[in-house]
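J.: Each protein sequence line maps, in turn, to chains A and B.
Quick note, the first sequence lines up with residues 411 to 862 if you use the working numbering.
Quick note, the second sequence lines up with residues 981 to 1160 if you use the working numbering.
Where hints are given, some of them may not hold.
If you anchor each label on the Cβ, the simulated ranges turn out as follows [to be verified]:
1. B:Phe1095 / A:Gln521: 53 to 63 Å
2. B:Arg1049 / A:Lys534: 36 to 46 Å
3. B:Cys1013 / A:Glu416: 37 to 47 Å
4. B:Pro1046 / A:Pro469: 34 to 44 Å
5. A:Leu542 / B:Arg1124: 23 to 33 Å
Calculated from the structure, these hints are not laboratory results.
Quick reminder that beta carbons are idealized off the backbone N, C-alpha and C, glycines included.
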Amino acid sequence: MDTQWEILVVDDEEITRESMAAWLREDGYLVTTAASGREALDATRGREFAIYFLDLKMPKGLDGIETMMEIKKLYPNPSIVIITAYATVDTAITAMKEGALEYIVKPCNPQEISLLVGRIMKVKNLERENVLLRQQLSGRYRFQDIISKNPRMQEIFALIRDVSSLRSTVLIQGASGTGKELVARAVHFSGDRADKPFVAVSCAALAETLLESELFGHEKGAFTGAVSQKQGKFELADGGTIFLDEIGDIAPKLQLDLLRVLQERSFYRVGGSEEIRVDVRVIAATHVDLAEAVRQGRFREDLYYRLNVINIRIPALRERLEDVPLLARGFMERLSHELGKEAREISEGALKRLMEYPWPGNVRELENAVERAIVTCKNRTLTEADFQFLDTAVPHDQAWTVPEGLTIDELERRTIIATLERTEGNIKEAAARLGIDRSTLYDRIKRYNIPR
Amino acid sequence: MNALCLLPLGPVDATVIEMLDRRLSERFALPVCRLNGAVVPGDAYDPVRKQFEATHLLRAVRAAAPHDRTTVLAVTMEDLFIPMLTFVFGQAQLRGTAAVMSTARLDQRFYGLEFSPALLRQRALKEALHELGHTIGLTHCPDRQCVMTLSNAVQQIDEKGEDYCRSCRILLADTHRVPA
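The task is simple: from the sequences and hints, build the whole structure.
T.: Right, here's the structure in full:
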């Protein structure tokens, strides 16, 4: 018997609520009583009870069902038992429809109420145990905002801990959606710069001249539209960390400017003559193979070596499938709360389905899939059926024939064009459907010269 | 428990009171006093249910106690109820000094069976120890043999033993200074 659980007994008749409370206390439960719906709401604000016994007919103010509706606004899934002396099918149906767990007619047999309380408490104990186990698990496998029990990811956590307080430049490599920014944030927020700014810049999202001004700032009149002086991201990040995402996509001139900042820790604003010195840790990320880009002459070798002081390569989600259940549950808990939905569980069948899917869009795609399943799910448990859309997301080999001579680039270009058409040019939606982030999509649009 | 008094409410089988006096005195190692019998308070009677409301009785019992620190166990032949439930065998103040128990449903005749004085006394002892356990601070015990296990039917009373289980005895001895 778990003496930690608290029960709220709400009845306008003193003898009824006090005798019921006494009877439950003899069973080892902590019991609070309330004489009205209002009192009940005051009692439960900030404190959820394991069971609410609510009398249906209360002459003043809220009745039992109205009180239940108010409690349900405070807690998503309270265990409410409606009590009444007037047994009518209509009220029973109303109570159950509105979300009561049980409906009992007083007086009831002591055995019946003992079994009811025992059954609810058993579920509550299991739920509590489940939450504790999950907290332990996610605590053990959590580093900052990253969850993983994969050995390579655990090595990355250890590396982050080791380098977090150094000023050395970090280069994070990984496919789109693997969580490069999360790793960058983990480096920043676990080190001694944690209370200083963390400034993220997506290098793929902006044209070359705009990016230059974005990074280094500009003086008034430096170019058309520069109506006032503006601080760049490097200045804003002074004392902290700048995160340069999609560094592999920057133009040669900017590569040179960046090299200078890394070497000299100083720069000039666009159109400015004053040298600005900053103390900034640089973390860069890319989904492209920078070493290969260097070999092909698309990326400066000296900049590559300046950036690649500490290298972190994040595995794709299909290389760490053991993380899928942990991640799916983590997303479900956060997103169901954010979306105001009641999805609390995920079935074994659904997890199996998720483990079988190749996740080309990596963790971000998984997050999007869980979000979509929560939105469309009608129950507390996400099942395999809620992830049926994954079957159409990646066509089976037999359902789709690869055209002769199709290159990967052409395939990517066509996919992006088709998706943009379907989303009527909505970049955010298209990126979500493609399982890539917006900056990557902008980059591809630019690379393939896709008209918008 | 400092002192214990038995209070018959209305007519009660004298052999039951005799037995409780002796067995409770032995169990708790203290003298048991017997209060003069009192009538069952009429305002506790529900004419529709033809039963007495236990919480009303409990309050009356407390008022009849000779001393604040004396525990009073009232015994009645009337059937008891609380509004939420069809009946109760008894009720006690948890960590308090008043308890009330009914022998109505402990009697085989209630179920249309032949009267068994020995069975009535055996059940009455278990019920008395159970309610007094509550006044000392014990809650229901998961051990089905323990006298503190919850009994919602007379069969469950028959199935359990006549004493507290080991862990309840330790609680009684350590926390409540009752001989184990």
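J.: Each hint: holds or not?
T.: The hints, checked one at a time:
| no. | hint | result |
| --- | --- | --- |
| 1 | B:Phe1095 / A:Gln521: 53 to 63 Å | violated (25 Å) |
| 2 | B:Arg1049 / A:Lys534: 36 to 46 Å | holds (38 Å) |
| 3 | B:Cys1013 / A:Glu416: 37 to 47 Å | holds (38 Å) |
| 4 | B:Pro1046 / A:Pro469: 34 to 44 Å | holds (40 Å) |
| 5 | A:Leu542 / B:Arg1124: 23 to 33 Å | holds (28 Å) |
Of the numbered hints given earlier, the model fails hint 1 alone.
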